[in-house]
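K.L.:
Construct all of the structure, not just a fragment, from the sequences and the given hints.
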Amino acid sequence: MSLQLFLTIILNGLTLAALYFIVASGFSLIFGLMRTVNMAHGSLYMVGAYIGYALWEPLYDQDAWYAWYIGVLAGMAAAAAVGVVMQKTLLGWMQGQELRQALVTIGLSIIVADQILAGFGGNPRQFFAPDAIFGSSYVPGVGRYPTFRLFQIGVAVAVGIGLWLLLNRTKVGLMIRAGVDDRAMLSACGVNVPVVNIVVFALGAALAGLGGVIGATAQPLAQGVDGRFLLISLVVVIVGGMGSITGTAIGAILVGLAEQVGQALFPTYSVILTFVIMVVVLALRPQGIMGRAP
Amino acid sequence: MIAWLRTPVGMWSTIVLGALLCLPAILPELMPENQARFWLANIFGRAIIYGIIAMSLTFLATYGGFVSLAQMSLAGVAGYVVAVTVNGAVPSIVGGLSYLTAIPLGVFAAVAAALFVGLVSVRTRDIYLLMITLALAMGFFRFVETNIAWFNGYEGIRNVLGPTVFGLPFRDPHVLYYVSLATAISLYAGVLYLVRSPFGLVLQGIRDNPRRIAALGYNVAHHRIAAFGVAGFIAGCGGVLATIYNIGISPGSVGLSATVNVLIMSVIGGLGHPIGAFIGSLIFAFFDTFAASIYDRNRFNTLIGVVFLIIVLVSPDGVIGFAKRARAFAKEKAAPKDWSRQGSKPG
Amino acid sequence: MSIRLSRRYALKGAGALAVTAAAGASLKSPAIAQNAPIRIGSVATLEGPFATGGQDGYRAMEMLFQAENMTIGGRRIEWIRESSNAQADVALARARKLIEQDNVDIIIGPLSGAEGIAMKDYSATLTGKTIVNGSSGAADTTLRNPSRNFFRFNTDGTQWMAGLGNYVRRTLNVSEVTVVAGDYAFPYAQVFGFSLEFCRAGGRANYLWSPLGTTDFASQIAQIPRSSGALVVVHGGTDGLAFMTQYAQAGGNLPIIGGSIMADQTMLSARGPHRRLMVGMVAAGPMADVIDDPNWTDFVARYRRMPGAFPSPSIHAVNFATNTMAVIRALKEVNGDLSGNQANFQRVLAAQKFKAPTGADVSLDHNRQAISDIFLTRIEERNNQPMTVAFQRATQINQTLGTPEAAFLALGAPSRTNTGCIAAS
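Chains as they are written, first to last, in my numbering: chain B, 1 to 294; chain Z, 1 to 347; chain E, 1 to 425.
Check before you lean on any hint, since a few could be wrong.
Said to hold, decoys possible - Covered by chain E, according to a simulated footprint, are these stretches of chain B (three or more residues, beta-carbon under 8 Å): (1) 23–37; (2) 133–146; (3) 219–231; (4) 267–277.
As the list claims (entries may be wrong) - Distance windows between CB atoms, simulated: (5) E:Leu411 - B:Gly121: 37 to 47 Å; (6) Z:Ala25 - E:Thr125: 17 to 27 Å; (7) B:Trp93 - Z:Thr7: 37 to 47 Å; (8) E:Ala410 - Z:Leu21: 51 to 61 Å; (9) B:Tyr66 - E:Ser363: 38 to 48 Å; (10) B:Gly121 - E:Gln66: 19 to 29 Å; (11) Z:Thr164 - E:Asn145: 13 to 23 Å.
Hints in this document: simulated from the structure, not taken from any laboratory. All figures in this text were calculated on a predicted structure; none of them were measured in a lab. Idealized CB from N, CA, C, for every residue including glycine.
P.N.:
Here's what the structure looks like:
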């Protein structure tokens with residue numbers, strides 16, 4: 001393998017990791033505060049992508065330069081709205097019943113996937129990135145490389161920094177971190193915990209929606225992406241550690257690299273590599289690389 | 001024994017067992033003969049087979065207190081081992097074994113795989129376990145789907161016709177039904193026996209309070225891994241039957257929807273008792289077969305999703321929990337119970 | 001249990017299972033009775049990624065049945081539709097339900113390869129029932145261990161590539177290609193069909209395989225040898241769209257040669273950067289959006305009048321239609337008489353010779369597999385819409401691409417190591 005090919009594969013792994021990070025960070029955030037395992041996280045990805053697409057398509061046909069950005073905003077808003085409704089009507093009142101919440105979200109994900117199939121049909125779709133980030137750019141050591149994939153890294157870094165600032169520099173972040181440590185105490189201090197929950201759920205869902213539109217620009221959008229991105233979110237946070245943003249980033253990078261390197265070196269066994277990483281991490285650190293011991 | 005028969009549970013068990021044994025004789029009285037054969041093999045037979053797989057999940061949930069989503073994959077491990085090694089399968093990947101050797105090998109592989117799953121997830125608890133087992137299940141699915149050399153990829157392995165039993169082909173609906181029923185009854189009785197044994201009592205103790213059990217000197221981790229092994233044995237038996245029932249196995253048999261279907265069966269029936277698995281699987285088989293006639297087939301998944309959601313919301317312990325409460329409610333209307341708290345966690 | 005049975009009867013009473021009740025009735029009085037309905041079941045994929053194809057297949061069937069006024073030989077056609085999710089187990093369960101519970105005479109279906117093989121195996125266990133393929137295209141459904149009850153009037157994945165290898169080597173004068181394909185049976189068959197011709201004509205081919213469901217092809221694209229004169233893309237649906245988009249984004253500019261399911265409206269109607277590359281793409285397959293043939297013009301016009309129809313029928317609509325046409329023709333010829341365990345009907349069905357919707361002549365070989373025409377197509381922009389235009393027709397292609405069957409079988413089943421690329425000696 002030439003050095004150039006090797007560097008290309010590494011860069012591919014990192015750009016894929018960026019997408020995985022955006023999606024999984026929402027999952028990790030929700031779990032970190034509420035201990036809710038949202039098995040419908042992939043469905044939120046799907047809702048964001050499809051609703052974003054529905055708004056993007058007519059604008060794109062009119063050659064509006066802002067079509068894609070509207071798609072992003074619409075996708076995030078739609079996913080956040082669905083997330084808020086889920087938390088408010090179903091999950092909120094069974095807080096603490098983790099298994100039951102997981103089952104409820106599984107039920108929801110079945111319904112959402114089927115309703116999207118009814119509404120949008122089974123054909124794959126894809127966003128067309130705006131001119132500014134389409135085409136390829138020169139990367140030293142690699143050569144021409146798709147600009148949009150580099151843009152993905154930029155978004156992921158922005159999301160990471162944004163989350164860090166939110167958690168460490170704002171009052172909401174303070175409440176969230178306090179809630180992670182001790183929910184009862186937070187409530188006793190007079191914080192309206194249900195409202196904080198809804199805010200966090202909306203944020204986590206919006207990240208899934210953002211990931212949905214970006215993911216559907218890089219890869220096709222079709223039935224089944226919900227399961228795929230749920231699985232990726234699960235593996236990323238199991239590896240990286242629940243509720244830790246740094247851990248999620250590490251997990252995403254490991255999974256993204258494993259996928260691309262595996263695919264290049266031994267395609268028929270590449271799937272195994274991701275799970276070998278997961279099993280090794282679980283054997284050595286059951287709480288994940290950056291997770292805190294229970 | 002006689003005294004047990006007089007108890008309500010004993011009486012009902014005897015009636016249900018008798019009805020199940022006589023079913024092949026009853027069905028032709030109720031419907032034309034080819035439909036009777038269909039109901040025997042493809043409603044009841046199928047419900048029993050998938051009920052066995054669901055019971056392996058229910059067993060862990062009821063007595064171990066954890067929900068594993070890897071059970072369909074463990075069944076798939078057994079099924080794939082049989083399909084890969086047995087004579088006559090198409091394509092023949094290893095071949096050469098008779099069913100007499102291939103089936104125990106398949107079940108053994110499922111137990112080994114289950115012990116591995118137990119080992120991987122033993123240090124985590126509750127909700128982590130659900131996530132890890134789902135991830136492992138999907139990893140297994142993607143692996144068999146993409147690996148051609150061992151599992152023939154997306155197409156899977158066909159023509160697993162099953163052995164002859166007392167000179168009769170397995171494909172005969174009666175043979176299929178009775179073999180499945182006998183397997184299910186043995187496993188069911190085995191589970192009920194096991195949970196009263198010292199091992200079962202320790203397991204339930206761990207479910208309720210792992211620290212106390214550890215303080216008593218029991219090795220919590222070993223018991224939990226062993227429980228997975230038992231569940232793997234059950235799932236393996238179910239997986240072998242399911243593979244023969246489906247005349248083969250393909251990645252779809254262990255995919256996300258198959259995995260979730262087993263969970264749906266268990267939850268609809270109720271995670272509080274192993275019998276729930278069979279009740280849930282019978283309801284599922286009925287809906288799955290007749291959805292096209294009673295409801296828009298295209299939106300079957302919405303229907304099953306809504307039913308599942310309602311069960312989880314209204315009666316988290318499934319149909320059996322619902323029946324129990326209905327009885328309790330009829331008995332003492334004066335003292336209503338707090339439903340929402342009941343059965344928030346299985347067991 | 002008693003509860004469940006009574007529920008079943010309650011449903012019957014409500015008329016929801018009127019179909020089932022009729023099954024019971026027709027069983028009591030054997031099917032020869034002139035006015036008992038002919039019961040036709042069908043299985044297509046209406047769930048998951050292939051749902052659109054399944055719906056389009058049913059659209060075409062409905063159109064053909066309606067044209068007959070749902071009656072053949074004085075007997076009403078009772079059509080029971082079932083749906084699967086492209087998985088063998090599910091298709092098998094639906095087929096069993098149709099045959100055993102609903103007591104249908106004929107099944108038309110399924111849509112995908114693995115399902116087709118499972119249903120072929122099942123059909124071999126039946127007596128007096130006929131299964132006619134829907135749209136599945138795996139070679140082994142009819143080539144190896146064929147079942148006497150299974151008929152396929154559409155061509156298979158290997159046949160679809162007929163003529164393409166020679167065209168690329170001789171007309172386009174390309175001496176080396178890189179084949180990028182999915183790592184499973186259907187692409188194997190297509191790659192085999194292409195390579196057989198291309199390598200015989202003196203071409204060289206490199207192969208890059210990727211597992212089904214791959215969404216990120218970036219690393220594979222980086223491995224395409226620079227010496228390649230063209231890229232042969234044998235991916236379907238979502239994988240194909242992912243590959244083409246990413247190839248376009250990576251700045252790829254090799255001429256594209258497509259597998260049959262690449263040149264499909266699924267790909268062409270999706271927006272995205274791949275479209276630029278796909279204009280001019282040459283492919284081979286059983287149909288095209290534009291075929292200069294009166295049969296096709298007429299079929300498309302009728303198809304477009306159906307509710308929800310696409311501007312142009314999909315490959316699944318054409319395949320389901322071809323198979324359904326055969327069934328209708330044979331039923332007419334026997335005047336709706338399916339007696340004698342369908343022996344006479346099956347004989348008449350196997351002898352059908354007719355023009356498919358595309359205008360191609362169809363007949364069956366001794367394995368009950370179609371011999372028919374294959375089109376070379378090119379993607380052109382017409383009225384600002386990309387569409388596939390047939391520009392050449394290879395007539396009467398059989399399942400072994402003209403090679404004697406024994407010699408063809410001796411080449412072995414197509415696989416990632418058995419690509420069919422054998423240089424002419």
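K.L.:
A separate judgement is required for each hint: does it hold in the structure or not?
P.N.:
Okay, the hints, checked on the actual structure:
1. 23–37: violated (count 0)
2. 133–146: With 6 residues closer than 8 Å to chain E, the segment 133–146 of chain B meets the three-residue bar; holds.
3. 219–231: Since 6 is at least three, the answer is holds.
4. 267–277: It holds: at least three residues are needed, and the segment 267–277 of chain B offers 4 whose Cβ sits within less than 8 Å of chain E.
5. E:Leu411 - B:Gly121: 37 to 47 Å: 39 Å, holds
6. Z:Ala25 - E:Thr125: 17 to 27 Å: 24 Å, holds
7. B:Trp93 - Z:Thr7: 37 to 47 Å: Since the Cβ atoms of Trp93 (chain B) and Thr7 (chain Z) sit about 38 Å apart, the hinted range of 37 to 47 Å holds.
8. E:Ala410 - Z:Leu21: 51 to 61 Å: 53 Å, holds
9. B:Tyr66 - E:Ser363: 38 to 48 Å: 57 Å, violated
10. B:Gly121 - E:Gln66: 19 to 29 Å: 23 Å, holds
11. Z:Thr164 - E:Asn145: 13 to 23 Å: Distance hint for Thr164 (chain Z), Asn145 (chain E) holds at roughly 20 Å.
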